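Undergrad: Line order of the protein sequences matches chains S and V. Going by the numbering used here, the letters in the first sequence line up with residues 1 to 287, in that order. Going by the numbering used here, the letters in the second sequence line up with residues 1 to 384, in that order.
The set of hints was computed from the structure by calculation and includes no laboratory data. The model shown is predicted, which means the values in this text are computed figures rather than measured ones. Keep in mind that a hint or two might mislead.
[As the list claims (entries may be wrong)] If the Cβ cut is set under 7 Å, some of the chain S residues that face chain V in the computed set are: (1) Gly188; (2) Thr190; (3) Gly231.
[As the list claims (entries may be wrong)] Okay, derived cross-link-like pairs now, BS3-like style, lysine-lysine, Cα gap no bigger than 27 Å in a straight line: (4) Lys178(S) <-> Lys374(V); (5) Lys120(V) <-> Lys144(V); (6) Lys144(V) <-> Lys178(S); (7) Lys178(S) <-> Lys252(V); (8) Lys167(V) <-> Lys120(V).
C-beta atoms are modelled at their ideal positions from N, C-alpha and C, and glycine is treated no differently.
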Amino acid sequence: MTGESTKGRWLTVALLTPTSAWFLVMLVMPLVVVAIFSFGERSAVGGYTASFTFDQYANLPSRFTAFRNTLTYAPFGTLVSLLVAYPLAYFLAVKVSPKWRLLLLVLVIVPFWTSLLIRTYAWIFILGGRGIPTLLDYIGFEGVRLINTPFAVVVGIIYGYLPLMVFPIFVSLERLDKRLLEASNDLGGTPFRTFLQVTLPLSMPGVATGCMLVFILLMGEFLIPAFLGGGKVFFIGNALVDLFLQSRNWPFGSAVAVTLVIIMLITVSLYMRLTMGRAADRNESIM
Amino acid sequence: MELNVSMINSDKSGSPDIQFDQVTKRYGDVVALDNVSLSVERGEFFSFLGPSGCGKTTSLRLIAGFEQPTQGNVQIGGVSVIGVPPHRRPVNMVFQHYALFPHMNVSDNIGYGLRQRSPKPPKSETYRQVDELLEMVQMSGYGKRRIWELSGGQQQRVALARALINKPTVLLLDEPLAALDRKLRRDMQIELQTLQRDVGITFILVTHDQEEALSMSDRICIMREGCVVQMGSPRDLYDQPSNLYVADFVGKSNFITGSVTNINGRYVTVEDANGRTFVGAPSASASGFSVGVAASIAIRPELIVVSSHNSCAVDMATDVALNGRIKNRIFLGEHTEYLIETDGLGDILVLSPKHIESKRGAFEPGEAVALGWKNAAALALEDS
Ligand SMILES: Nc1ncnc2c1ncn2[C@@H]1O[C@H](COP(=O)(O)OP(=O)(O)OP(=O)(O)O)[C@@H](O)[C@H]1O
Ligand SMILES: [Mg+2]
Chain S
1 MTGESTKGRW LTVALLTPTS AWFLVMLVMP LVVVAIFSFG ERSAVGGYTA
51 SFTFDQYANL PSRFTAFRNT LTYAPFGTLV SLLVAYPLAY FLAVKVSPKW
101 RLLLLVLVIV PFWTSLLIRT YAWIFILGGR GIPTLLDYIG FEGVRLINTP
151 FAVVVGIIYG YLPLMVFPIF VSLERLDKRL LEASNDLGGT PFRTFLQVTL
201 PLSMPGVATG CMLVFILLMG EFLIPAFLGG GKVFFIGNAL VDLFLQSRNW
251 PFGSAVAVTL VIIMLITVSL YMRLTMGRAA DRNESIM
Chain V
1 MELNVSMINS DKSGSPDIQF DQVTKRYGDV VALDNVSLSV ERGEFFSFLG
51 PSGCGKTTSL RLIAGFEQPT QGNVQIGGVS VIGVPPHRRP VNMVFQHYAL
101 FPHMNVSDNI GYGLRQRSPK PPKSETYRQV DELLEMVQMS GYGKRRIWEL
151 SGGQQQRVAL ARALINKPTV LLLDEPLAAL DRKLRRDMQI ELQTLQRDVG
201 ITFILVTHDQ EEALSMSDRI CIMREGCVVQ MGSPRDLYDQ PSNLYVADFV
251 GKSNFITGSV TNINGRYVTV EDANGRTFVG APSASASGFS VGVAASIAIR
301 PELIVVSSHN SCAVDMATDV ALNGRIKNRI FLGEHTEYLI ETDGLGDILV
351 LSPKHIESKR GAFEPGEAVA LGWKNAAALA LEDS
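Isolated chain S, as found in the complex (with noise of 0.2 Å):
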């Protein structure tokens, strides 16, 4: 029995091994070395020279803009994605029938088939002089700019994430067994006092699964405001790519990292807490 057990442990640490090392290599040590950096100073020729100082810390505040519009964009971001993505999963999952259903779901990912990249810069021609303000001229609407303004970047968020927030949701509403809300019509729910009671809160964890991923990548995301925000909404992101790429100045982009770490993990355990707490609550009768 010892013998059966010392087995099952030595099993456990073989497998666990190389994804431990996976981890420590790949996300810790960065982590740690970046976090070393921020303590550290400038060298003349741009880089990092070491030393132990809060001076970066303290020059945050030059940043203010950039971690505003990202603590802004971010959840707004998010609660835009998830208004478009909710109804086109619940369309998926419950009104389409089967034999259209994985067509349809083929065509959400298609976009991924190419790189965000190529993607992006096709909305600039959408959004650029020459797209939709030209229509736009033709109907009467002369001089509508839609590029470079937060209207662009928000609608390069949705079109970016989209398919991130559309698959939770969908699985959660996929899995929902439909009995329940037949059982709802059946005890006088009306459709949409069904939708409210049964299928939305059944669908949370998707939810909040889409919402979480949306979320933390919109936090480092540079590439849809530096294209379509044309340096007017600035993202941390960007501070980053400037710090580190133009100005070489290591210690504050990290400083900045390290900061913008630390908000993400505040900010999303605060939300487990909410989303787990909600689930505890409902322990509690909802009478």
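Following the hints, put chain V with the ligands in place on chain S, whose structure we already have.
TA: Relative to chain S, chain V with the ligands alone:
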């Protein structure tokens, strides 16, 4: 919504609770129900009985409003409900796998129906009624439990309470006991029957367990491939099956198949493949025999008399006498079931009551026996 329900409730008294007029339901090419007409009276315990796929669930779903008939009319309390959505019908359903809401506790599940009303009743009123129902299904104190913390039997009770809270005029039950083990099923059958008598509303039960249907229902509708084969009280179906299908489905029977050679007033004579003739009384609900058509003689196992081989058939005073050998014996408590191998008629099932067994002693497998029955105990049945 309130208006509609009360409209349906305020029917002319005397009209049946549920009525199907030549209802046909097709799913594409599949005919799930074929020209079915039936009516269920107020306060009746009515069962749909039949093999898988015969259209039992479809019938319930037509009453609940989840499906609309392709042809024909469905009435609840004398009012046609064609086009009325489920949430406006005064019937409630206990689903096959209960379909309890997993994100709500027991009380919230039971109170769900009340919360859908407009105006919503006050909380205190909801709690009071939920507690009342919890008590009725013997689940007091379980209100705060989560659904997955309940056993199958408890979930069944919650589903029942949830379906009763809106005081439906008809309660629909789709194989409500199928998932329970035998013992629990017996208990729940009795509880359901008592409950139905107490609340006095019409129960419509779907089952493919003939024992369940026989023991619980006032009336049973036997179905096959979307058609009603026979409708009647358990006693009628058992004693006077309209054809071989019903006799085979309801209870156990021995069958001798052949063709009709003679019809004389009270009896029909059937000749089997070996040229032996047997006589039986035509079932009261049979539509009529003619010489030459395929027919069967059916004898219920409890109507066959067995005695030991040497005490000859004469003292049993039976019309038919056979010799056989005990092939198998199953002790069932009140009865002993014998499978007897006969010459010419194959294996015959006999049910012998306890008091006879204890008088003459049980037969051992392999023992030679004499068996027989009176012609009056045999039924002549049409084959379809
Ligand atoms: N939604 C549907 N689409 C197509 N065919 C269906 C549908 N529902 C039922 N059917 C068909 O209608 C027939 C009757 O089905 P129904 O569910 O009423 O059977 P049942 O008597 O309840 O059987 P079981 O005892 O297996 O539950 C079956 O042949 C079934 O395949
Ligand atoms: Mg069924």
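Undergrad: Mind listing which of the numbered hints don't hold for this structure, in increasing order?
TA: 3, 4, 7
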